[in-house]
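Novice: Each chain, letter by letter, is given below.
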Amino acid sequence: MQVVATRAGFVRGLRLAAPLTLGLVPFGLVVGVLAEAQGLSAAEQALMSALVFAGAAQILALELWADPAPVISAALAALAVNLRFALMGPHLAAWFDALRGWRRWLAVGSIVDHAWALAIAEMRAGRHDAGVYLGAVAALWLAWLATTAVGHALGALVSLPPDHPLFFAAPACFVALLVPLWRGRREALPWAVAAAAALALGFLLPQPALAVVCGAVAGSLVGAWVETSGRSGTA
Amino acid sequence: MNLDPFSLAAILAMAAVTFAARASGYLLLRRLRPSPFLRAFLEHLPGTLFVAFVTPALVREGWAGVIGGAATLLVMRASASSPLALFSGVAAFWVARAGGL
Chain L
1 MQVVATRAGF
11 VRGLRLAAPL
21 TLGLVPFGLV
31 VGVLAEAQGL
41 SAAEQALMSA
51 LVFAGAAQIL
61 ALELWADPAP
71 VISAALAALA
81 VNLRFALMGP
91 HLAAWFDALR
101 GWRRWLAVGS
111 IVDHAWALAI
121 AEMRAGRHDA
131 GVYLGAVAAL
141 WLAWLATTAV
151 GHALGALVSL
161 PPDHPLFFAA
171 PACFVALLVP
181 LWRGRREALP
191 WAVAAAAALA
201 LGFLLPQPAL
211 AVVCGAVAGS
221 LVGAWVETSG
231 RSGTA
Chain B
236 MNLDPFSLAA
246 ILAMAAVTFA
256 ARASGYLLLR
266 RLRPSPFLRA
276 FLEHLPGTLF
286 VAFVTPALVR
296 EGWAGVIGGA
306 ATLLVMRASA
316 SSPLALFSGV
326 AAFWVARAGG
336 L
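As you go down the protein sequences, you meet chains L and B in turn.
The first sequence lines up with residues 1 to 235 when you count with my numbering.
The second sequence lines up with residues 236 to 336 when you count with my numbering.
Please note: incorrect hints may appear among the correct ones.
[Unchecked claim] Cβ-Cβ distance ranges computed for the label pairs, FRET-style: (1) L:Leu160 x B:Ser259: 35 to 43 Å; (2) L:Leu160 x B:Leu243: 24 to 32 Å; (3) B:Trp298 x L:Arg100: 16 to 24 Å; (4) B:Ala251 x L:Arg103: 16 to 24 Å; (5) B:Leu273 x L:Leu166: 35 to 43 Å; (6) L:Ala146 x B:Pro240: 40 to 48 Å.
[To be verified] If we take Cβ atoms under 8 Å as the criterion, some of the chain L residues that face chain B in the derived model are: (7) Asn82; (8) Leu87; (9) Ala198.
Treat the hints as calculated values from the structure; they're not laboratory data.
Being a predicted model, the structure only gives us computed values, none of them experimental.
Backbone N, C-alpha and C fix where the C-beta goes; we use that ideal spot for every residue, glycine too.
Turn these sequences into a full structure, and let the hints guide you.
Specialist: Here it is as structure tokens:
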């Protein structure tokens with residue numbers, strides 16, 4: 001299998017990802033409005049969206065934001081949400097290898113769900129042009145910068161009180177994201193454990209981010225244990 | 236256009252750990268094949284994390300939170316459209332709140 005990286009591929013990636021950028025709009029607006037409400041300047045918000053480029057991690061970190069900014073809890077939230085990107089890297093490795101120098105590390109540093117899914121679809125169709133990945137990421141990144149900046153500007157314009165019902169959009173993002181993550185009944189026990197542990201620990205731990213991460217780790221450990229303990233004899 | 240040092244530190248820390256998560260898959264997981272346990276653990280992580288965040292957040296909002304969460308979930312399942320689901324969830328939460336819940 002010969003992987004190439006062409007300019008035509010880049011253009012194809014831009015074109016393929018363009019409709020996907022619409023799906024980013026609500027999340028980008030939530031990130032921007034939330035960042036403004038938590039006291040981030042437009043420059044800080046833009047820097048975060050440009051460098052982190054991961055919607056769920058940004059919303060979670062911003063929900064747990066405080067003054068002064070909680071460095072440890074923000075990093076913990078970002079790490080926990082984005083650890084899933086590690087599983088995507090090996091699938092894309094052949095494409096990343098085909099890119100040279102800064103382009104390769106730009107591609108590695110911008111792994112994101114939509115571009116990953118798009119690249120996998122291209123590979124399955126027998127097309128191996130890493131330029132497609134760079135083009136898709138470029139489109140998604142630009143759309144992310146634009147929608148989060150618009151969100152921040154809108155937030156500054158209307159300056160909502162902190163208990164305004166519109167801020168329910170932030171937890172609602174995660175409820176919506178849970179729907180495609182449900183892979184059937186085997187999720188029930190890990191999710192129940194995660195919910196129960198997060199609720200119980202929320203009363204005990206001083207750091208809300210820590211309770212969230214502990215709940216997630218407890219639920220995932222239970223899920224991994226249930227799935228691998230039955231198979232150990234045959235594997 | 237101002238950058239607060241604590242905010243800057245938090246943003247750079249988020250960027251660093253996120254890059255580490257992305258790069259570790261490319262650099263490490265292709266050579267070291269993760270055990271089935273580690274793979275299953277990582278595959279469960281986004282779902283359990285969102286549940287662990289959302290449950291206390293909804294409970295804190297009381298019945299309005301439960302109603303808004305349920306509306307988001309049902310509309311997302313039915314339509315698979317996240318803008319529509321977010322809009323419905325916020326609207327349901329808003330109505331429940333206005334109704335005194």
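Novice: So, for every hint listed, does it hold in this structure?
Specialist: So, going through the hints one by one against the coordinates:
For the hinted restraint 35 to 43 Å between L:Leu160 and B:Ser259, the CB-CB distance of approximately 38 Å keeps it satisfied. Separated by about 25 Å at the C-beta atoms, L:Leu160 and B:Leu243 satisfy the suggested range of 24 to 32 Å. Against the hinted window of 16 to 24 Å, the Cβ-Cβ separation of B:Trp298 and L:Arg100 comes to about 57 Å, which falls outside the hint. With their beta carbons about 21 Å apart, B:Ala251 and L:Arg103 fall inside the hinted range of 16 to 24 Å.
Against the hinted window of 35 to 43 Å, the Cβ-Cβ separation of B:Leu273 and L:Leu166 comes to about 40 Å, which satisfies the hint. Under the hint 40 to 48 Å, the C-beta atoms of L:Ala146 and B:Pro240, about 27 Å apart, miss the expected range. The criterion of a C-beta within 8 Å of any C-beta in chain B is met by L:Asn82, whose closest approach is roughly 4 Å, and the hint holds. For L:Leu87, the interface hint holds, since its Cβ comes within 8 Å of a Cβ in chain B; the closest pair sits about 5 Å apart.
Look at L:Ala198: its Cβ gets to within about 4 Å of chain B, closer than 8 Å, so that hint holds up.
In this structure, the hints that do not hold are numbers 3 and 6, in rising order.
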